[in-house]
Amino acid sequence: MARSTTARGKQQVRDPAPISREQWLEMYRKMVTIRLFEEQVNELYTSAKMPGLAHLYIGEEAVAVGVCAALRRDDYITSTHRGHGHCLAKGASVHRMFAELLGKEAGYCRGKGGSMHIADPEAGNLGANAIVAGSAGIATGAALSAKMRGTDQVTVCFFGEGALGQGVLYEVMNMASLWKLPVIYVCEDNLYNEYTPRSETTAGSLRARAEALGIRVAEVDGQDIRAVYAAARDAVERTRQGEGPMFMICHTYRFRGHHVGDVNRTYYRPKEEEQQWMAERDPLKVLAQWLIGRKMGDAGLFERIEHEVRADVTAGVDFALTAPYPDASEVTQDVYA
Amino acid sequence: MARSTTARGKQQVRDPAPISREQWLEMYRKMVTIRLFEEQVNELYTSAKMPGLAHLYIGEEAVAVGVCAALRRDDYITSTHRGHGHCLAKGASVHRMFAELLGKEAGYCRGKGGSMHIADPEAGNLGANAIVAGSAGIATGAALSAKMRGTDQVTVCFFGEGALGQGVLYEVMNMASLWKLPVIYVCEDNLYNEYTPRSETTAGSLRARAEALGIRVAEVDGQDIRAVYAAARDAVERTRQGEGPMFMICHTYRFRGHHVGDVNRTYYRPKEEEQQWMAERDPLKVLAQWLIGRKMGDAGLFERIEHEVRADVTAGVDFALTAPYPDASEVTQDVYA
Amino acid sequence: MFTPSALPGAVVGHGTPTGAREITFAQAIREALAEEMRRDPLVFVIGEDVAEAGTPFRVLSGLVDEFGRERVIDTPISEAGFTGIGVGAAMTGMRPVVDIMFGDFIALTMDQIANQAAKVHYMSGGKLKVPMVIRTTMGATRRSAAQHSQSLHAWVSHVPGLRVVLPSTPYDAKGLLKTAIRDENPVVFFEDKMMYQLKGPVPEEEYAIPFGVADIKREGTDVTIVATSSMVQVALAAAETLAAEGISAEVIDPRTTVPLDTETLIQSARKTGRVIVVDEGHERYGVTAEIASVIAEGAFYDLDAPVKRMGAMDVPIPFSPVLEDLTVPTAGSVAAMARTLCGRA
Amino acid sequence: MFTPSALPGAVVGHGTPTGAREITFAQAIREALAEEMRRDPLVFVIGEDVAEAGTPFRVLSGLVDEFGRERVIDTPISEAGFTGIGVGAAMTGMRPVVDIMFGDFIALTMDQIANQAAKVHYMSGGKLKVPMVIRTTMGATRRSAAQHSQSLHAWVSHVPGLRVVLPSTPYDAKGLLKTAIRDENPVVFFEDKMMYQLKGPVPEEEYAIPFGVADIKREGTDVTIVATSSMVQVALAAAETLAAEGISAEVIDPRTTVPLDTETLIQSARKTGRVIVVDEGHERYGVTAEIASVIAEGAFYDLDAPVKRMGAMDVPIPFSPVLEDLTVPTAGSVAAMARTLCGRA
Ligand SMILES: Cc1ncc(C[n+]2csc(CCOP(=O)(O)OP(=O)(O)O)c2C)c(N)n1
Ligand SMILES: Cc1ncc(C[n+]2csc(CCOP(=O)(O)OP(=O)(O)O)c2C)c(N)n1
Ligand SMILES: [Mg+2]
Ligand SMILES: [Mg+2]
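Protein chains in written order, with the working numbering: chain A, 1 to 337; chain B, 1001 to 1337; chain C, 2001 to 2345; chain D, 3001 to 3345.
Bound-form chain A, shown alone (with noise of 0.2 angstroms):
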């Protein structure tokens, strides 16, 4: 369930919001997407094919597709170096996904920028950020450019817990608050940061942090996506109709390495945490599960969903593999508009 408290702390609790089972199973569709898609990244960067590394989503599914379900496609999101998720919920396509992650002219950026770049304008993805809390900046002027163009956008700007180490995100929270801008800070708290527990990085309370800036908070389990999806969609709908910023926090986990050759993460956090998350808060199955209690799918469905998902991701992948670099000549084009 969604908690929503104002920056008072006043608490109100809403249900899910009711919505048909057509739109449940494309949301459970896009996380199998997110799922087969960086399961196929990680097979591209152990198999040598893709150059450099990739953050992968894994995990935290329910997060990128609860809240973007909740968006218009011209509203904005910002996204982080750990970005598949966010650009693949937002409406990007595998195929273009693929081929910037391999450096190809198809890519979303021309091959330009890689994984940790991904911008897909079209789409309303304003891009990814290799900084943490490097987009933060961008968001909420994304969300004072609509404001002052007198548009009804919102904008959300996604980034993981460990953002809450840089500065910049408290000043623009504030201008925020102060100009009751249409943005939703959602901060994925996966309880680490690269390769330091949260525990040993942030002091006192995250929720705390907004709520000093006189921000409205929802905290939520972001392993749960109706959840997740309850929350945005009131969060979204505030902030539309010009009740200023909302901070959204979200419980979840990465349920892979903070990067592709992050194999041996025993040092930094306990393989029993891993594999309690992965059997017990997989988002894919808490979704699979809560649909089969409702009669609303079954078994036979969801490999349906997975099998046509993957056939996509296959030809997505295929289609990369074979697509053009870009031309030398690409290399000083675009520097300046």
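Be careful, since some hints might not be right.
What the hints assert, rightly or not - What follows is a set of in silico ranges between Cβ atoms, one per label pair, in the way DEER data are often shown:
1) D:Ala3020 <-> A:Asn264: 27 to 37 angstroms
2) B:Tyr1267 <-> C:Arg2021: 20 to 30 angstroms
3) B:Ala1328 <-> D:Glu3035: 34 to 44 angstroms
4) A:Arg149 <-> B:Gln1289: 34 to 44 angstroms
5) B:Gly1257 <-> A:Arg269: 53 to 63 angstroms
6) D:Asp3040 <-> B:Gln1241: 23 to 33 angstroms
7) C:Glu2245 <-> B:Gly1257: 32 to 42 angstroms
8) A:Gly242 <-> B:Arg1269: 21 to 31 angstroms
9) B:Met1278 <-> C:Asp2065: 28 to 38 angstroms
No lab work stands behind these hints, which were simulated from the structure alone. Beta carbons: idealized from backbone N, C-alpha and C, even for Gly.
Dock chains B, C and D with the ligands against chain A, hints included.
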């Protein structure tokens, strides 16, 4: 009275510490010293004898004096662009202060620092800073250093409420809280960031911002040195004993312009407001009245103190006016240690 | 890579007109902003104390009265934050003019400027752009000490994706700021605090000055003095002195360090065979190094003497006037250098 | 202004020894830190993921086991904050070694580095000092894209009060880091990520390398190649190729850009008459500009050709390998430039 609350908000009221008449009179003398020093600085400016500008501390004397009275000489302070009061309160001599403001070799920084950079390490003053919140990192680092070196030195970081606009302040307060560093953040809330009222620059609650980081907050009437001193003594005791950082909010007001050249102020703050503060909340009068009420002083005594201080200030400015400038060769000295 | 921006209905100006009314550098900046804000409702100003206060330098006085607080936005003391907000606003259709009070404070915004604003267009494969102007200040001798006196344009000139402007006269200030606001890229615009009260001719009619076009502020034949920002005034004063001694100095103002009009600089160097580069940034690893090496390479076979560089002394700017005045090039020191170069010392 | 720091009980080393054991660049860094931390209890390391993780590059692996979490301190993701904490700790008697994971992130710390650390000693009239080392990285071709591939040493080289070190071999890395830690000033120490696995001879016995002393990595007579950091390896490879073609290239590594050993550079330029300056920072307004103009001035009458500069292309670093590889100088492109200079193209 000083109200001290834990990060969790529990209230506990304490009486001003019972200290001797001599100590109160010494604090009074220090406040008068700052007052007359600053009036002389203004005089130097209007008579075009001082290069550049200066930010006067007049009206805020009780904060610097009350806090520094609770410190040992080997405790550290860091100061701001409005730093003359802090420097004098921590033990600087008016002679060398004036010399620095006039760019003379006898100044605390051999004339190289000027009004905004006075440093006096012998007295524990690590320096004023012309970057808003610029000394937050330095002060926190000094506290880490004291802890690592195993001394029980406390560090006080003075700043105006405008410094809450700078993200670095949250970054270092978070680390101070995580590591239980012996540092006290003293926020001089004089209601204005330069020419903009605090209400237009600061959302939510000042105290909640520190509490959210797990830092204990004390909020006091900055015009009443007894309240300031009591809160400071409590804060210094706690931090020295290893309880971790504290955040002190001192409600105060600058009686003069943002700097000596800021004469016409009505466009950003009403004359009546200034007059009321000066008439009712002058820290010198507040203490004098209390001392008179307690039969610890009378008009004659205060006149004598003012007379003595004025003699010192006059001697100091005369010394500085006739003191030699640094030799030209100084310009390339001390770039590297 | 650079093509001058199309300037709707603008007379492209070169050199400085004669017979026009005289206004100050600060007024020129204000006029450019006001005219652009009238022309384009997407242009807005954001920064500290920009509204009623009109900045501590009073450069923006009156703008808030005409355009209101919605378009002249006072911020908290959060340079990194509101610069980042400018980037996001620019990416989504607005045209922010961000005010960074003292150039020293760009140190707080380098991530937003260099890692975000400068790279967004390229990283996105050309899909996103950041039409933002960052107005800030430079220049010493104001007795403001080491943290309020730096000229840090070398930092941003080093970052691909940024344009960097250094006006030296009211005329250039107005014409270049208009171009900056109409440019589709992030532009860092440096105003020397010491020139705000400088008066000069500025025509009433609309004009704009393209980037990458150096201006020959004074023609000469014996020595070329390449100077930026307020150093142009210093160079012109030196040229005056030298003229009296029979040394003919040519004073060239690149006006933008990025893009840099290397052609004009090299041509002049070829003509005179002697070059001094004067800039108020620190000399070491500063703007004078780039300009000097571009000229030394381009005019290699025509130089009669090594290219001389004169930047700010490589020391933090001291407060004491007797020391501070030693740290920046003066008409006297530039003239002396020219005499030496011309074998008249 | 610069005098080499006194190095208690240290053999001052020049050039690279032969016959010593071989270790990697990363091991050399770790050894220097471990030895200095043993020697001086005031030395400590602070940064992100420096303890158990030993940094993402594993450069610090094992340090925490020997020195504990009190002296190898993991921080939040707060570069500005913990750099500022380093400044304060250094001012009060400690000797912090601050770890900034990627050089691109110094953009977040420029106020702490340039406005605070670099100026404290001067602004205080010499009373306070900041003996702090900032270790960070540089270098592209790691497929890390525009925000994780920059070489920003030009920014800090421009700021008086800082020392800037760019080691090119394991031997230099160890000897220079020891000097950096013992120096009384803020030192920015750049490690090229691509060299961490590079092996080279490093003696067992104690040694340190003074700042401001360039190292002639290879002697030659036809052309001088001044190179920094990993570009030294590139230059040496180019020199090898050139030797086979009968072109004798001298490769000089300044090792520190501040202080810069101008004497050695100029002498070599005088000897060969032809110079190429290679550095991985962006070419425009970069380190190559300063070095090239210093040489062009100092060796003016002995140069047979203009000093050539080769820096990183003036574009944000692209992700795509086929593009990224075009942005940095290579042994091939340096050799080609040398041929042209020597009229062999
Ligand atoms: C300013 C900055 N500092 C450090 C890094 C290196 N880094 C990349 S991801 C990361 C951890 C981020 O943790 P969090 O924000 O919680 O996101 P998560 O990886 O857990 O999704 C770090 C330190 C960076 N990219 N940017
Ligand atoms: C980083 C930075 N931004 C802006 C300024 C310009 N400035 C100097 S003082 C000041 C206002 C500070 O207000 P506050 O912190 O409340 O201190 P007060 O002047 O009220 O004592 C500003 C904006 C600065 N010195 N540093
Ligand atoms: Mg995390
Ligand atoms: Mg204030």
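Verification of the supplied hints:
1. D:Ala3020 <-> A:Asn264: 27 to 37 angstroms: 32 angstroms, holds
2. B:Tyr1267 <-> C:Arg2021: 20 to 30 angstroms: With Cβ atoms ~28 angstroms apart, the hint holds.
3. B:Ala1328 <-> D:Glu3035: 34 to 44 angstroms: 43 angstroms Cβ-Cβ, so the 34 to 44 angstroms window holds.
4. A:Arg149 <-> B:Gln1289: 34 to 44 angstroms: 57 angstroms, violated
5. B:Gly1257 <-> A:Arg269: 53 to 63 angstroms: 56 angstroms, holds
6. D:Asp3040 <-> B:Gln1241: 23 to 33 angstroms: Since the Cβ atoms of Asp3040 (chain D) and Gln1241 (chain B) sit about 29 angstroms apart, the hinted range of 23 to 33 angstroms holds.
7. C:Glu2245 <-> B:Gly1257: 32 to 42 angstroms: 47 angstroms, violated
8. A:Gly242 <-> B:Arg1269: 21 to 31 angstroms: 30 angstroms, holds
9. B:Met1278 <-> C:Asp2065: 28 to 38 angstroms: 30 angstroms, holds
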